[in-house]
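Put together the whole structure using the sequences plus the hints.
Going line by line, the protein sequences match chains C and B. Counting from 1, position 96 in the first sequence corresponds to residue 96 in the numbering used here; the numbering is continuous, with no gaps. Counting from 1, position 193 in the second sequence corresponds to residue 193 in the numbering used here; the numbering is continuous, with no gaps.
Do not rely on the hints blindly, as some may be mistaken.
Each computed DSS-like pair below joins lysine-lysine, with the alpha-carbon atoms no more than 25 Å apart [what the hints assert, rightly or not]:
| id | chain 1 | residue 1 | chain 2 | residue 2 |
| --- | --- | --- | --- | --- |
| 1 | C | 141 | B | 114 |
| 2 | C | 119 | C | 55 |
| 3 | B | 24 | C | 83 |
| 4 | B | 285 | B | 370 |
| 5 | C | 147 | C | 117 |
| 6 | B | 24 | B | 285 |
| 7 | C | 119 | C | 83 |
| 8 | B | 409 | C | 141 |
| 9 | B | 24 | C | 89 |
| 10 | B | 145 | B | 318 |
| 11 | B | 24 | C | 11 |
| 12 | B | 56 | B | 114 |
| 13 | C | 83 | C | 116 |
| 14 | C | 147 | C | 83 |
| 15 | C | 83 | C | 55 |
For the record, the hints were derived by calculation from the structure and aren't laboratory data.
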Amino acid sequence: MMDIKLMVNNKPYTLNIEPSERLLDVLRTRLGLMGTKEGCGEGECGACTVIVDGKTVNSCLVLAAQANGSEITTIEGVGNRRKPHPVQKAFVEVGAVQCGFCTPGMVLSAKNLLDKKSKPSDDEISVAMSGNLCRCTGYDKILRAVKLASQEGN
Amino acid sequence: MNTNVVGSRVIREDAWGKVFGQSKFPADVNLPDQLYGVVVRSPYPHARVRNIVTEKALELAGVVTVLTAKDVPHNSHGVLFRDQPVLADYVRMVGDPVAVVGAETMEIARAAAKLVEIDYEVLPAVFDAEQAMLPEALPLHPELKPTNVLYHMPIRRGTMEDGWALADVVIENEYNTQHVDHAFLQPEAVLAYVDERGHMVVQTATQYAHYDRGEIAHALGLRFSQVQVKTLAVGGAFGGREDISLQIIAALLALTTLRPVKMENTREESFYSHSKRHPMRMYYKTGATKDGKLVAMEAKIVGDAGAYASWSINVLRKSAVHATGPYVIPNVSIDSFAVFTNNPYAGAMRGFGAAQTVLAYESQMDLLAKALGISALEIRLLNHFKVGSTTATGQVLTGSIPLDQCLAKIAPYLQKGDGIL
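This is how it looks when you write it as structure tokens:
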């Protein structure tokens with residue numbers, strides 16, 4: 001067992017964990033943050049995307065110990081019903097949400113892109129979203145939602 | 001009719017819960033004191049289970065129980081026929097569930113699953129549907145069908161000799177499609193528990209909650225009214241959640257141990273355990289006059305049902321009904337078959353048997369056009385269904401069939417290409 005410190009959604013945590021625990025396990029099982037999903041467990045689908053120190057990562061491929069000292073944003077730290085993030089608002093308005101299993105990861109990838117570049121090109125949007133698989137929508141509405149959020153964000 | 005829904009943009013009710021990550025999928029729900037279940041699956045496509053030794057698995061600290069076929073009150077389920085075992089003592093495909101381990105953690109359950117010793121008598125397997133149709137092939141479900149031919153749908157219209165006599169051009173070809181997995185993004189997961197009423201509650205992502213309820217009740221020997229299936233958020237399905245996956249096994253563990261049971265498939269387990277799109281072998285012979293009018297079509301469609309029936313009858317019926325495509329053909333002979341093999345079982349998937357035949361009939365149209373020296377668009381305009389057309393099954397189409405409008409809309413785009421169209 002080992003101790004790690006994480007800042008998750010602006011809340012500090014000190015956790016005693018097994019060295020083998022993935023960041024995904026710690027978020028879901030120890031912190032109860034179920035918005036981060038496991039779709040494949042091998043970094044292909046992006047359903048477990050979270051933001052670690054300003055970078056999107058597949059939390060199934062990151063050991064919790066590797067995230068020691070990091071600032072982490074999960075979907076629970078982005079927007080709420082009173083004040084949704086522009087990306088969340090756009091996903092709902094455009095119809096970019098179907099089954100919803102990929103949605104938290106998609107929202108985080110889009111948010112992180114717009115945090116870095118408020119007016120990305122279509123190509124930059126496609127590249128930023130390329131790590132997140134969706135099996136329902138065919139991606140068109142998702143890309144349109146990110147575009148809309150970039151236009152309404154500022 | 002006035003409605004403020006049809007024709008207007010409606011925000012789906014559950015979208016907000018999903019963008020905030022609040023929607024609960026079955027992997028997201030837990031109960032205190034829950035057990036974790038892991039299935040031991042067959043590595044063989046066809047085998048008889050001779051013996052199962054569970055001692056080593058049970059000796060591992062934290063293992064509560066290991067259940068096998070003998071622990072299932074009524075060991076069968078299935079959407080059309082109950083031909084699929086809950087826990088198999090006779091294996092018909094790789095991935096058939098043979099045992100389930102219940103343990104205090106998922107890690108212990110996974111470790112114990114590797115310690116369950118299963119002695120298989122490996123039997124010869126058949127992986128080609130046409131070989132499985134041969135009279136000498138070993139029938140995989142003799143209690144259901146004397147041969148591996150689960151279903152045959154013949155469609156006859158007009159007179160074939162007359163049709164071929166009218167044909168100036170005949171195109172004959174074989175087309176094959178492959179297994180396809182739905183790959184819905186959310187792997188199967190279940191939380192099952194016996195509630196304060198003594199009722200079995202199963203929380204899962206399913207396309208077919210009422211059917212699940214009946215199959216769980218049947219397999220466990222419970223009354224229908226003693227089983228409640230709660231559908232949580234469904235992380236994609238596309239037909240792949242019409243059959244039972246972990247529901248009965250989790251309920252069996254919960255009923256045996258009287259503890260809540262959580263089961264979650266890995267992606268790999270998900271691939272092994274649910275249905276696939278039917279691979280089809282399609283022999284097509286299509287004839288047209290020199291003016292481009294279709295006059296005859298003969299098709300034989302062999303669908304690989306795999307190890308269990310699932311929806312194969314309905315799927316291959318749809319393949320037969322749609323075998324001409326949206327085209328008027330006066331003389332037609334179609335035979336479609338659903339055939340048991342030792343491949344992964346095939347079931348519902350978007351299109352439900354209508355998708356595979358597109359490859360065959362549209363390829364035939366392109367090849368006929370080429371042979372006749374007319375465009376691919378022209379041959380379709382000459383033959384497509386209109387209001388009043390009669391299909392191969394004798395149905396007179398009376399509704400709206402705006403195929404001509406559709407083709408007119410796409411024509412400019414098609415003709416922008418390399419001149420083939």
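Quick rundown of the hints versus the structure:
no.	hint	result
1	C:141 / B:114	violated (44 Å)
2	C:119 / C:55	holds (18 Å)
3	B:24 / C:83	holds (21 Å)
4	B:285 / B:370	holds (15 Å)
5	C:147 / C:117	holds (12 Å)
6	B:24 / B:285	violated (51 Å)
7	C:119 / C:83	holds (21 Å)
8	B:409 / C:141	holds (23 Å)
9	B:24 / C:89	holds (20 Å)
10	B:145 / B:318	holds (21 Å)
11	B:24 / C:11	holds (23 Å)
12	B:56 / B:114	holds (10 Å)
13	C:83 / C:116	holds (21 Å)
14	C:147 / C:83	holds (19 Å)
15	C:83 / C:55	holds (24 Å)
Checked against the numbered hints above, the structure violates hints 1 and 6; every other hint is satisfied.
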